[in-house]
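Student: Take a look at the letters that make up each chain.
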Amino acid sequence: MTMRRLARQLSFAGALLLAGPGGAAAQGLPSGYDQGLFQVVIPRVGSAVVVVLVNPQGDVLLPLAPVLELASVPFAADEGGALFRVPGPAGSDTALLDFTRRQLTRPGAADLALGPDDARMHDGEPYVATRVLRELLRAQVTVEWPHLQVALTRDPPFPAQRQAELELQRRLAEVRARGHGAELPDAPLASRTGGGVLSWSLSSRHLDPLKASNLFGQAGVAVLGGRATVGLVASTSYAGGTGLEQVTAAYERVFPGERWLSRVAVGDVVSDGVVARSLRGVSLTNAPFTRTPQFDQILVQPDLPAGWQFEVYQEGRLVGFSDPAAPAPVPVALSYGTTPLEVRMYGPAGEEVVSDLLYQIPTEHLQDGQLLYAAGGGACPTARCDALGYGALDYGVTRWLTLGTGGEYLREDGEGALRLSARGSIAPQGHWMGEFQALQGSFLQGSVRWSGSRRASGALSAALRSPGFGQPTFLPGPDSRWDVNASGRLSPVSGNLRVAGPRGARPDQWRVGLSRPIPRGYLQGAFEAIRPADPALEDLDLVSLRTFTLLPGRWRRQPTLNAALRAAAEGLHGAELGLSMPLGSGHASVNGRWQTELGASLAVSFTRSVPWGRFQGVASASGDEVLRAGYTLDGGLALDPRSPGSPVPAGSFGIGFAGVRGHVFYDYDGDGRFGAGDEPAADIQVRVAGRTGRTDARGMYQIWAVPPYDPVAVSVDTVASFLPTWAPSTSRHVLRPVPHVFNDADFPLVRTRELIGEVVAGPGVLTSGGVTLELVHLDTGERREVLTFEDGQFYVSRLQVGGYELRVAPASLRALGARAVPGTVRFRVEGRGEDPFVEVETVRLERAEAGR
Amino acid sequence: MKTLSPLHAPRARSALACLLAGAALLADVGRADAVTVTPAALFIDHRTRSASLTLHNPGLTAEEIEITFAFGYARSDEHGRIQVVFLDSVPPYEPSAVPFLRAFPRRLRLEPGQRQLVRILVQPPRDLADGEYWARVMVASTGGQPPIEQRTGDVRLQLEVRTVFAVALNYRHGSVATGLEVEDARVEATDSTLDLLLDMERQGNAAFLGHVVVELLDDRGRVVAEVEQDVAVYRRILWRFPLALPEGRPPAAGWRVRWRVDAERDGEEAPHILRASARSGTFPLP
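These protein sequences, in sequence, are chains A and B. Going by the numbering used here, the first residue of the first sequence is number 1, and it counts up by one from there. Going by the numbering used here, the first residue of the second sequence is number 853, and it counts up by one from there.
Hints were generated in silico from the structure; no laboratory data involved. Please note that a few of the clues may not be correct.
Ranges between beta-carbon positions, derived for each pair [as the list claims (entries may be wrong)]:
{"hint": "1", "chain 1": "A", "residue 1": "L583", "chain 2": "B", "residue 2": "H1124", "range": "27 to 35 Å"}
{"hint": "2", "chain 1": "A", "residue 1": "G817", "chain 2": "B", "residue 2": "G1026", "range": "57 to 65 Å"}
{"hint": "3", "chain 1": "B", "residue 1": "G1119", "chain 2": "A", "residue 2": "N562", "range": "32 to 40 Å"}
{"hint": "4", "chain 1": "A", "residue 1": "R131", "chain 2": "B", "residue 2": "R1112", "range": "35 to 43 Å"}
{"hint": "5", "chain 1": "B", "residue 1": "G1106", "chain 2": "A", "residue 2": "G578", "range": "50 to 58 Å"}
{"hint": "6", "chain 1": "B", "residue 1": "G1119", "chain 2": "A", "residue 2": "F289", "range": "42 to 50 Å"}
{"hint": "7", "chain 1": "B", "residue 1": "A1096", "chain 2": "A", "residue 2": "I518", "range": "42 to 50 Å"}
{"hint": "8", "chain 1": "B", "residue 1": "A1096", "chain 2": "A", "residue 2": "R102", "range": "52 to 60 Å"}
{"hint": "9", "chain 1": "B", "residue 1": "H1124", "chain 2": "A", "residue 2": "R628", "range": "28 to 36 Å"}
{"hint": "10", "chain 1": "B", "residue 1": "T906", "chain 2": "A", "residue 2": "G817", "range": "49 to 57 Å"}
{"hint": "11", "chain 1": "A", "residue 1": "V610", "chain 2": "B", "residue 2": "R1112", "range": "38 to 46 Å"}
{"hint": "12", "chain 1": "B", "residue 1": "T900", "chain 2": "A", "residue 2": "S643", "range": "22 to 30 Å"}
{"hint": "13", "chain 1": "A", "residue 1": "G831", "chain 2": "B", "residue 2": "H1124", "range": "51 to 59 Å"}
Some chain B residues judged to face chain A by a derived CB distance under 8 Å, without partners named [as the list claims (entries may be wrong)]:
{"hint": "14", "residue": "R958"}
{"hint": "15", "residue": "R959"}
{"hint": "16", "residue": "R961"}
{"hint": "17", "residue": "R971"}
The model shown is predicted, which means the values in this text are computed figures rather than measured ones. Glycine included, C-beta positions come from ideal geometry on N, C-alpha and C.
The shape of chain B in the complex, shown without the other chains (with noise of 0.2 Å):
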């Protein structure tokens, strides 16, 4: 089993860098040169069956790359931190997509400056029950070696690097729809933060793809502090929201957060997310 920190967690404008950072984690050395893969997340319904990744090859060297699938979503401990679970295997519960995904190409060699577009197809099997199902799409990429005519002697410099990422795919079948309940909020305090914790629960029958702002207000209602970030619930999460306090003003009497969760993204996602109520709350400082 491996995990990878939170892909949906970022900001959308920041969600590729992020899926850097997560792939980063899970690449035996990370590579300044390694292939880029786009979007960020794919999104397929009955309809059309398949979508499509484009890798991009911007280095000096020619890569070999391997498509797989794998099932993952992210997940919290008790203290909110939060990874990203990859199973090997999967139990009959889960909403899997792996079983029945296919890439093509599933292996390919990019050369240095080469796109190559890889499409992605669903098969699902007839008796599906409605519902959205998960996957990762994980894009592996080595190094290639030069055409055997080309290399001279025994001599290898090649550093054995592999790096993967990790694209998010959501399969819906049929009627699909989701929902959130907020079950619970509280605040945790350090030396320089405040800390808002939200254990949210995920409605319907698809994941929650929304987007959280919390702002920290003082007693005369201003924002002091305020974070951002994109979220997404495929069942219950409890997670952190880290309010960076204002240099030299401790939190006083009156001082409020204030959080609101809606079914909004920004980017190449936003055409894709499932509508649903906002959520919202403000409490006052202990």
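The shape of chain A in the complex, shown without the other chains (with noise of 0.2 Å):
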């Protein structure tokens, strides 16, 4: 006998001792057969123990049936189950297994004559050995006799595997929908006035300030909830005159839920209308403040046979998923811009078909019966008119359209003038989307995009303009210009074509590009031409190619370069090399050019964030002129009155946002404040709206730049920032942050014990491992089930500050046919002491007869 043999042997005659009184008794073996237990394990599903049998060769022979239920392969057992017919892979061509002429008929492969040994029915359960079963799924069967276990593995997987696995990333789903993607609850607005913040710029064309500069300061405090602005531009000239050049002041209050008005702005403010303009005076809307990214739901439901399912991505993220048991339409949310949906569909044997949808959502589209409305009047600030009025109104028609009218009232010169306006947006579900704005003697303009699949992609646009809108050009005259843009992608190559001219005359503009990427980079070509109707101006004709490149680096340190070259017919006409690349904590860049009427220039910029504010600086030079220089400084400070000496950096996010303040303290007292018999709480990481901040060692933190009225989530790190033994009362808080002020969120963390304790088995009881407990909390009513180990002790981590209750759960007790002495156990966990363990009293169980 060889020693693998002699191995099988011993493992099986364990198997046999196992099996209990049920196995090596068992009556009518053929003979030289032995039968016994084994496992049948399938990697991600589970496992099965069931009866095997061996052969007088070792080799051991599978049930039938309780292996296919187990992989989920669906198959028919015809003629008093003496044939099987087993779809294969993925409901490929079926197999059949046919115990009568003993045989399996597989499509595409030689028929294979089954021995006496390799396939047998025994009480009346067909059996088959692994070489046989090996066929019969494709799979690959392997025998571990030291761990009494067959194991099965296939690729494509068995459908059990793949309905594990879809579990699996449903729940993943899930639980990234309840992390990130799920709607915050909402909160209220406070009325909140103080704070203040202040804002500024200074830029200058010289190295004197006091020549060629612009000063631009704002500062702003909350009132009432809403925020109020004050603002001033200064400039000096060349030649050193000094002037005070606007002084702005508004008011803004958002009203957030609000039906019939959403925001009200007084003061210096901008229009709403199809053209934004600066005013002086008022401004209503019941638009959001922030418009959320989702812009709709839409239901999924492709045409299935029964028995299927289907799964819906989003850009490779599992956006829903339908429900085997019951099959429904699946919600998918639409966002503004692109959605390209993914819908998998399952079949029961396998199957799996991939479908592509697209859907786009214009920026301006509504929901179907969404009303908006915008309207406002006052002063225009600028020489340009006297006075303006305008008023808008879009409505959603469908889900696929949106139209929109309105106009504007401007008085110039002591007369005025009304100028109607529509807009429109079109989005039917498919691969196309279009958009139209219009204004009376203005411009008219629309575009339409096609998306035809990950690989192409296309869109058009046209427009007519008068002077003073859209696109600024070069090319001078009294005359409305057209302008028509077409644009498109076939992956890997964009190309785009740009026509355009005087209204009613041929073009005097046209552009031709291509790009495409190329190993760390891009490259571009293009060839322009212009026939200016002006004799003044000389035609041009130019091909440029244009690389970028990104060089060698760590990621965030990665320089880059760019090159260009330009040629006209007579020959080069210019070119361009330039280097940017991160430096410290800021950005600096060289580029130097060459052009053919202008000569060799050089130019260096940096920029630098320094606690203040930010400082960028450039200078350039040219063959014939002086060295040129100019700067800008800007920044942005937030004052808390509460905690005065310590101003926030707001960088270039002062004015308009807001900031949100607290403190993480060890809540001693239980009370919830920070008070007297409280700790503070130093270094916790805290984090809202993507912004991270620490508690000093007062254990406060000052977080600034945080978008205002929507609500976002304050929260503290609840696994690495402080001792195991605390835990926050509250790991989130939800506000609606008010601008211009530190909104509150404080934080106590509570003091949290380990529950350890006991159950033992008294006689007749099987086990005391494996038992489920219930732990209530009385004071919350908050259950938790806790398994005892084999052991029969029980550990429960971080239950907080309360009394509880423990008691054996009664599906255990009826399993075991015991009962729990005591049946309740009550305890509680205190605030006060070091000691983080809670130890109570061993639980007993006993034989429910008994008792009796």
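Assemble the dimeric complex from its two separately framed chains, guided by the hints.
Tutor: Here you go:
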């Protein structure tokens, strides 16, 4: 007897013993056969304990039906269970296993004759050897004698494995949705007054700040939950003259959730019509302060046969799936812009069919039935007009059509003029969307976009604009101009074509360009032709080639190189070479340029963040010009009157933004407020709206640059920040930040303790391991289930302060035929004291009959 | 007293693999599906006073986990064979962190596919002297039983297997420093290898965690054999570095052995390595 054979025999003897009286003693076994218990294991699915036969050669014969059921492979048995039809992987052709003719027939493969010990009927159950199972299922079948296991694997996976993968993906999707994508609960906007924020900017085209400089400053406070702002603009000329150019003042208040009035602004404001204009007056609207990226929901329900299910993916992320038990449409959120969806449909035998869907929603599109208005009026702060009034109305006619109308009234030099406007957007399901806008006597423009697939897309836009509207052009003229743009992408190449000209005349400007990615960058080529009607300007034909490349370097430290060449009919017209790279806490770039008419020039620029803001400097020199230099200093500070002397740098996010402040503290007295009996928790990480801060030695944190008005979540790091014996009473606050002020969010930390105890099995009770316990927090009603360990001990982590009840679950008691003594254990977790553990009395399990 | 092969010995990228191999020696029976534990080493200082381990059960069955602490570090015999010796009773002169370590939770059940964070908290006595204190976090896992409501009959196929992972823990209290002196270096030859033996003694009040490169150079200065290894010197240790001789090229006149020990590591341990001067040497083959 070989050692392997001996090992099998020894292991199998163990299996027979484990099988108990039903195993070795089974009657009617074929001569030379043994019988025992094995565990059939399918990765990611689970296992099943089955009774196996072992033929005289020592090979295992597995019962067919339980194995197919474990793998969820559909099968049909005919002729009294002697003929099995089993579909192949992913629903491919069906194999026939015929116990009568003793043959396995598979499409595309030679028939397999079954020997007498390859397949048997025993007790009315079909059994097959592992080699037959391997051919039948086209799977790997591995017998592990030491562990008394048979492992089945297959690529493509078994339907049960696919189902397990789907369920895992769905659980992950649900976790992700809870953590990130889930909508925050609503929170009220407080009518707070106070705070303070400063923003400034000083820019100059001269080294002397008293010459050719511009100073801009703004100060803001919170007033009754809104934001009040005053500002000034002053400038100096090259000659050194100084002037105060503009003083502004504005107040804005948002009313979250209000249907008919969501925002009021008075003072120096910007109109909300088809054309945004500055005015000194008032503006009203019911449009949301910030439009959420989500547009609407659609229902996806492919036409599927019974037993099929489907999933909907967006950019590789599972966003919805059907319930196999009760198929129903899957709601999917559509975002503004393009929403590509992938629908994966799965059949019961593992078939998989993938279909793509694409939805495009223009940014101005409204939901079905949604009505938004904007209105306002006042004086013009600039010399272009005396007074302005406007109104606009947009309505979501259907989910795919939004129409809007309105008008503006301008009075200039004592004469008034009314100009009507219209706009609309259309987004039918599919690859198309279109938009148009028109303002009487000013412009008419529209665009159509097509997103065919991931590889191909295109867009076409056309416009007719009066001077002063749309893109500025260096081609002068009193007439309106037309402009047609077309762009397309056939991966990896993108191209664009632009043709423009005066109204009613032939084009005077063409441009055609192509670009494609190259390793670590992209390459762009273009041809441009200009034929000005003005005889003072020369015709120009230019061919240009431009490349942009990331140079080797560590991530976020990578320098970039850009180079360009331009050629005209006469020869080389210009060349450019630039290098840009991160430098310390800033960014530097050097750019050299040569052009036929202008000669060579070199420009150096540098940007650096400093605690109070940001500095940008630029210096340039050319062959025949002296050195020119300029700079910009800008920044902001947020003031917290309750913490004087420590303004918070706000950078470029001063005016219009909000802050969050608070304390994280060990709440020894348990009152939830930071008081004399408590201790500050230092160096705790707090996160809000994608920004993080840490508490100082006073336990205080301050985070600025939070977008106002919309709900934000403020949370503390519950994993790494503080001692494991403490936990925040709430790990998250949701609030609507009031602008220009620090909003409060405190985090009291409460003591937690670890519960330890033991369940002991008395005489006649099988075990105390794996027993389910129920733990109820008497103050909150929160209920938890705990399993005892193999030795009967149990352990519950992070119990908060309060009274508790612990009992053995009735289902466990029924399964064991036992009763617990005591029936209920009551205990209390105290806030005071250093011992992290709470030990409760032992629970004894007794035979239920013995107690009666 | 239990023994374990050296935990800090291999290259960093294979540290976990070595840990698993070492753990297999502790385990009563090895299992492919046992719990994984990361990171392979914990470094805690008196400011943070806590660290965390991530446990993952990649298997098909639930695992019961128990976290305990033990004291032991790599030691060698006179032949350069290295073992981690766990002491049931720790002498008072040994810098054991075990008395002031706590695990939260210290027992748990990991369902298949589940991950769990275990926080390790250090509660040192107030008068603790500056220095580095050592321990091993012992993560013992056994196949957990299913709830009794789900069991059928008395049939049990569960193999009683216990796997223990030993994770090195270094607690640094106050001012710590380390260094290394190589007291002796010698070569021992076998038929197919040349073994360099380095007798290393740690300086300062913290373990020397570093990296050794040993090269065999021929008469033209070309490297013909090389071995690299991470080393951990807790006190004094004799470490053997076997160099595989190139086939068909026995050592000849002019060949040399060159070695270098520096306090550097790759991977996730790198930020925690204490700086120390490197040591190096070269000597001709006898």
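Student: Between B:G1119 and A:F289, does the beta-carbon spacing fit 42 to 50 Å?
Tutor: holds, 48 Å
Student: Is the hinted range of 22 to 30 Å satisfied by the C-beta distance from B:T900 to A:S643?
Tutor: holds, 27 Å
Student: Does the Cβ-Cβ separation between B:T906 and A:G817 fall within 49 to 57 Å?
Tutor: violated, 40 Å
Student: Does the Cβ pair A:R131, B:R1112 satisfy 35 to 43 Å?
Tutor: violated, 56 Å
Student: Tell me if B:R961 is really an interface residue toward chain A, meaning its C-beta lies closer than 8 Å to one of theirs.
Tutor: Check passed: Cβ of B:R961 comes within 6 Å of chain A, closer than 8 Å.
Student: Would the hint on B:R959 be counted as holding, given a Cβ-Cβ threshold of 8 Å to chain A?
Tutor: holds, 4 Å
Student: Mind checking the hinted window 42 to 50 Å against the Cβ distance between B:A1096 and A:I518?
Tutor: holds, 45 Å
Student: Given the hint of 28 to 36 Å, is the C-beta distance from B:H1124 to A:R628 inside that range or not?
Tutor: violated, 51 Å
Student: The hint says 57 to 65 Å between A:G817 and B:G1026; measuring C-beta to C-beta, is that right?
Tutor: holds, 59 Å
Student: Per the hint of 51 to 59 Å, is the separation of the Cβ atoms of A:G831 and B:H1124 within bounds?
Tutor: violated, 35 Å
Student: Would you say the C-beta atoms of A:L583 and B:H1124 sit inside 27 to 35 Å of each other?
Tutor: holds, 30 Å
Student: Quick one, is the B:R971 hint okay against chain A at 8 Å, beta carbons?
Tutor: holds, 4 Å
Hints 4, 9, 10, 13 from the earlier list are contradicted by this structure; the remaining hints agree with it.
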